Every structure is written in structure tokens, then in C-alpha cells.
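Could you put the whole structure together from the sequences, leaning on the hints where they help?
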Amino acid sequence: MDMKSGYNLTPEDSILQSVTRTGTAFYVFVCALLVLTGEFLYAWYTQLTTGLVVTGMRSIYNAPNYMGPYIAGGAPWGIYITNFIFWIGISHAGIAISASVRLMDLKKYKVVARMAEVLTLVALPMAGLSIVFDQGRPDRIINLLIYGRFQSPMLWDLTAITTYFMGTIVYLYLSLRGDIDELARKLPGREWFYKRLAMNYEGTESEKERHNRTLWWLALAIVPIMVTVHSVVSFVFGLMIARSSWYSTIFAIYFVVGAIVSGVAAVYSLAWIFRWTYKWESLITDEVLKGVSWALRNVLIIYIYLWIAEELTTRYMGASDDLRVSNYLWFGPYAPIFWTMAIVGFGIPAIILLKPIFGKRHFNPRLTFAASIILNVALWVKRFTIVVPSLLNPPLYQTGVYIPTPTEVSIMLGTFWLAALLYVAFVKLFPIIDLDVVKG
Amino acid sequence: MKLTMVIDLSRCIGCWSCAVGCKLENDEPIGIWWNRILTNGGEEPDTPSGSYPNLRMTYLPINCQHCDNAPCIKVCPVAALRKRDDGIVFLDWSRCIGCRYCLVACPYGIPAFNWNAPVQSPDNSQFRIGNPAVPVRPVGVSEKCTFCFQRVDVGNLTPKCIEVCPAGARFFGDLDDPNSEVSQLIQNKPTVRLREELGTEPSVYYVPPRNPAIKV
Amino acid sequence: MVNKSTAAVLILGFLILLSGLSLWVLGDQTNSVVSLPLASTGILWAPLLWICGIIVLLSAAFANILRAKYYLLWLVSLIVGYIVIFGIIVAITASLIP
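Going line by line, the protein sequences match chains A, B and C.
First residue of the first sequence: 46, per this note's numbering; consecutive thereafter.
First residue of the second sequence: 16, per this note's numbering; consecutive thereafter.
First residue of the third sequence: 51, per this note's numbering; consecutive thereafter.
No wet-lab data here; the hints were simulated from the structure.
Only a predicted model underlies this, so the values are computations on that prediction, with no experimental measurement involved.
A portion of the hints provided could be inaccurate.
Take a look, some chain A residues computed to stay more than 10 Å from chain C by CB distance [unchecked claim]:
{"no.": "1", "residue": "72"}
{"no.": "2", "residue": "76"}
{"no.": "3", "residue": "79"}
{"no.": "4", "residue": "98"}
{"no.": "5", "residue": "219"}
{"no.": "6", "residue": "248"}
{"no.": "7", "residue": "389"}
{"no.": "8", "residue": "449"}
When the alpha-carbon atoms are kept at most 25 Å apart in a straight line, the in silico SDA-like pairs for lysine to any residue are as follows [what the hints assert, rightly or not]:
{"no.": "9", "chain 1": "A", "residue 1": "473", "chain 2": "C", "residue 2": "124"}
{"no.": "10", "chain 1": "C", "residue 1": "54", "chain 2": "A", "residue 2": "252"}
{"no.": "11", "chain 1": "A", "residue 1": "324", "chain 2": "A", "residue 2": "465"}
{"no.": "12", "chain 1": "A", "residue 1": "240", "chain 2": "C", "residue 2": "130"}
{"no.": "13", "chain 1": "A", "residue 1": "484", "chain 2": "A", "residue 2": "227"}
{"no.": "14", "chain 1": "C", "residue 1": "54", "chain 2": "C", "residue 2": "145"}
{"no.": "15", "chain 1": "C", "residue 1": "119", "chain 2": "A", "residue 2": "229"}
{"no.": "16", "chain 1": "A", "residue 1": "253", "chain 2": "C", "residue 2": "130"}
A virtual CB, placed ideally from N, CA and C, is assigned to each residue, including glycine.
Okay, structure coming up:
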């Protein structure tokens, strides 16, 4: 079992490369992540000891350290909340793929199912962490468990996200169990770890059948949980009668569809990266990538349709209060960001994704990868444009400005470094492609 | 008991005495004002609208409206905001986790947040300026007008802002008592409340200014 | 298809969830004037109770497959792990915030 040669590998060993082969590039990557994480930790330490004043956020009408009473306000929520919505969006990767594979019997996509589920497992804690960064008193978050009010959308968030996270852990463990047992045999050096984790897995046909049946029901149960998670996140905004640009019936569907776009784009990005790193063209075939990009294209079209509906409702009569916010976004200080996001961020991926309709040979995996990355960046900015301009246009007074500070950005980026570290830790422990894919 | 405030905009001269009195009574740190006076007129504060000689300006003092159907209470995840039996919407500073959802949900933009560790001016370390019954709030919690609960609780139905207003523009009392000043004012004058269309049922009523062209 | 232990776990989980929510509602002081309860301080720790109910419900998948001792190991790990995460965040941040 020659792991180093890279040639003449059995399909199974080819998959296990990701666990066993660790090159220089990997170590450089991890070192870079650790350095960046150190910087993030220092930034968070600064925020904890000084207070949220280190961010660019401010109260609606007041500004600190300024003696005068006449101050335009700021935004009490900024990139931390944007980041939270973004990570919840990414977390829709896992179940979108797993549900398709199990419930609709699309075995072709099983090869990308596990990397999607791990993404969900990593994304949900990052969302929770973003919220912890945003709290004025994170040392009191236990109050959520003691005094939490279920009438508050934030408690719906806590409950739904916890449910989704626990469901994903259960799902991932059960689908991983067979592979853990396999690894106990293939990697004798780590047998003590895998044997314990496998928890007396027997590997009989009947046991595998039970796993598959249970996983089928679990996947079915997790689908409504997934829809609930992003719907309750949208309700944090959509139920606010005080903020006319948020107070919209469409918000739940809007956010859920946006999350599916984020999730599927992230899965495509990951699939392409793994394929490129480990030369898995025979496993993650062009057909698989094309299928994922097809799904991405379809949900993107639905998302753009919902977006157009929102904009039209806001602007048509020219009289509604949310027109003020829309004008601020379209023509105010954030206009360059908004239009770049719309034209470059959504336009270019839309063109790339729509092109293959006009001729099967035009599917370009690399270009679609670029589209998936651009799309997720654009979606991050899109959520920013939903959260911040509305807060900068309060009902009774003129607007202020919100510019995130470097400390704030460092802390926000910390979620990305941590997510990467957690993800590569998983990659080095367990196969990122389900070994069932190459077995019969 | 239903504590209500009435502010007579035809008397308000925009002197900020109520805001400053409130700030002293409650030890509000630098940058935080529970009571603010907005200018209904030109673009800048204290400027009128229109062009000379047709200038119009009026003032709008605004503090927590202590709504009956308060959005802030609805959204607070830890029930730090609670409605008392006397109508006061009270923010429990010992429980607040600083999520700022109340800042986001309030249609009037009232709650203020302690972005940094509070700094009082003049410095509070030698002796407290404010009422000792009001705790000093730590960093990371929200705060807002309490209808001077510390005075109400000892039977004094006169918050600081009502006490210090030199123009006699502010009134406070129990709306359930038909003989109280506020009941009489609401009965006899054409009072309005801010953003009534949102259904928040605020407890602060405004007597409109004399010039009918100015909208509250 | 569903064996007895799985069914038992599902019912137990559902009951815990329901009791958590009910305890919250019972401790609530409903203001009859408006539609949603305004002032509310439900029974303490009710949210943790209903979250535990959800975790038990989801662990039914494990109950269907794992042996009793491994199932209990997982269940306890998930619930304790969840609380410990909160505890760690509270402990670290409490030591740093002035």
C-alpha cells in the first residue's frame, strides 16, 4: 500500500490520500492560518477589554466620547451580524446535497455529500461565534439559557441553529461510521482512535441497511429544520415594523433561497478545490460538477427573481418609507459597493452559469469555480446592504455613517481562519469522500 | 396606574434643561443621552426651515415612549426589558447581554448603548452626582429613560425632566386618574403621539405647536 | 421499522421539549391587552430544557443503531458539551471584560 507514489492507487487509496498525504503546501497553509488566527485573537482581546467602541458601530442617535448632543447616529449592527447571516447561509450546503442524494436517490452526487456536511458542521459554530463577537456582554450569554424568551426571534435562532447543528452531528457520525471502521484497519498507527470512535461497528449488511434507513429519515427530518433555520434568521429582520425596508412578507423565502445559493456555491468551490488538489477527476467528474452548477444556476435565477420583486415593490409607487432606504443604498455613500455587487458580483456569475444552456460543450469547470467564489463574496455584500443602510436611516432623524474598523474586520475574518482550521483538521482525520462511492 | 407624560410643544424652547437634568439624575456617561431634543425645521439642529421671512422651527423633545405594545420588549431575548404594572418599560441592566436588538427594533431610536466603559463628566469617583438609587451601568449594556422609576417608587410622581423644565412644557401623571394633570390635558387639548400608525401605543403625548404648518 | 428503544427516545424527547415550552408559558405574565405576552420571566432554565428535549429527539437516530452504553455516551456528550461551550465562552470573556 504505497501511499507516496500517487500512481496505481486503488480508488479507495486514492480517496485516503487526503488523510495520509501531507505535503509542504499543507504545512505552509496551516502555519499561515495559525498566524492569522493569532492576529484575530489579539483583535478580539482588544475588543473584550475595551468594549465594542473599537468597532464602527454606534447607537442610533448617539456617539460616544463626544460632548455635544447634536450627533448623527450610526448603525448598531454591522459586519458581525452580516457575517452571522452569511455563515448560516453557507451552512445550507450540507443538507441541500445530502437531501438530494438520499431522498431523491441521486447517487451521482454522493461524492460531494460529505464535504458539504462537514462545511455545515463548521459553518454553524462560526455563525454562533459571530453573534458572540457582537454581544456587549458575552459573559452573560448564559442568560439566554436561563431567562431566554421564546417570543424573541433571537431565541428562535438559538433553538433552530442548535437543532440544525445537533442534527448534522448525528447525521455525520452515522454516515461516517463505516469509514471510521475501515480506517481502523487501513491506518494501524491510529487504530486506537478509530476503533473507539467506531463504537462496535460490525459492518454486516443488515447493520448497513439500518444505517441507511435511519439516515434517510434523519435527512427527511433535517430538511424542514434547514428551512426553519434561515427563516427564523430572516424573522429577526422581517418582523421589525420599525424598519420599513425590512418589514416584508417575502423575507423568509428570500433568505432561504439566498442561503441555498450560498451553500451550493460553497459546495461547488470545495468540490473543485479538492478535485484540483488531489487529482480526483475520476471521482469528482465533470458530470458531477456540471450537475452542481446546474442546481446553482436554477436557485440563482429564483433568487434574482425574488430580489427584483423586492426592489419593484419598494420603488414603484415612489412614496413608501423604504424608498428612502433604497435611494440611500442606490445613490448614497454605499452606491459603489452596491452597484459593483449587483453588476460584477451577480452579473458575471449569472453569465457564466447561464452560458452552458446554450451548448453542452461550453461548461468550463474552472470558470464556474471562479463564479462560485465571486457569488459568495457578492452574497456577503448583499447581506451587508440589507442590514446596514436600513439602520442608518432611522425614522425620525438624518443618517450617520458606518465604516467597519480594522479591529472589527480582523475579528470578523477570524471566523474564516477558524473555519479553515477546523475543516482541514477533519480532512486529516476522516475521508472527505464517502468510501461507499468506490465500493461496488 | 398608567404613567403618562405630556409634552407641550407650544411651550418648549429647546433649552435642553430636561436632557441635562436627566443626565445628571441618572449618571449618564459621556455620549449617552436618554432625553434628546430634536429640531423640527432645517437640516442642521437649531436651524429653521423655509427662507426668510417665512421661517419655521419647533422642537421635539424625545425620550422613551414607554409603549404599551413595545417592540423592544417583544424582541429582547433575555427579558431584560419588562413592562411594569405602572406602565414603565424597565430595562434591567443586570440582565442585558448587549445584543442591541432593542436599538434596532425601537421605531423611535431611543435606547442607547454603552460602547465603552462609562466615563462620567465630572468624574464620579469622588462622589456620585446622580441619584444613588440608580445603579451605574457597566460597559456593554443598553440603557434608556425609566420615567425616573427611583422617584416613582418612593411616591414622587415628578421625574427630573418635569421638575427642571423652565417653560413648564412637561407634565407627568397617572392617566387612570381622571383628575390628574395629564388626563385633563389629553382630554382638553388635541394631543398626538409619535408614529401612531405603527401601533406601539406610546405613553408620551405631545400637544402640537401653535403653527399648524409644522407636523409632529 | 422503528424499534422500541427508538420510539421511547422519541417520545421522551418530545415530552421534555413540551415541558420546557410549557414551563416557560406557565411562568409567563400575560398582558391581556395586547396579543403577544409583553412582560415575561418564565421558569428559569426553561430554554435549556426545551433544547435538551430537541437533543434527545434527534438522538433517537442513535438509539436506533447504537448499543445502550454508546448511545448514552453520545447523549451525555452532546448535552454536556453544549453547556460547556457556553461555560467556556462565559469564563473567557468574563475574565477580560472590565
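Verification of the hints:
{"no.": "1", "hint": "72", "in the structure": "28 Å, holds"}
{"no.": "2", "hint": "76", "in the structure": "25 Å, holds"}
{"no.": "3", "hint": "79", "in the structure": "19 Å, holds"}
{"no.": "4", "hint": "98", "in the structure": "12 Å, holds"}
{"no.": "5", "hint": "219", "in the structure": "6 Å, violated"}
{"no.": "6", "hint": "248", "in the structure": "13 Å, holds"}
{"no.": "7", "hint": "389", "in the structure": "38 Å, holds"}
{"no.": "8", "hint": "449", "in the structure": "21 Å, holds"}
{"no.": "9", "hint": "A:473 to C:124", "in the structure": "23 Å, holds"}
{"no.": "10", "hint": "C:54 to A:252", "in the structure": "17 Å, holds"}
{"no.": "11", "hint": "A:324 to A:465", "in the structure": "21 Å, holds"}
{"no.": "12", "hint": "A:240 to C:130", "in the structure": "23 Å, holds"}
{"no.": "13", "hint": "A:484 to A:227", "in the structure": "12 Å, holds"}
{"no.": "14", "hint": "C:54 to C:145", "in the structure": "47 Å, violated"}
{"no.": "15", "hint": "C:119 to A:229", "in the structure": "21 Å, holds"}
{"no.": "16", "hint": "A:253 to C:130", "in the structure": "29 Å, violated"}
In the structure shown, a violation is registered for the earlier hints numbered 5, 14, 16, in ascending order.
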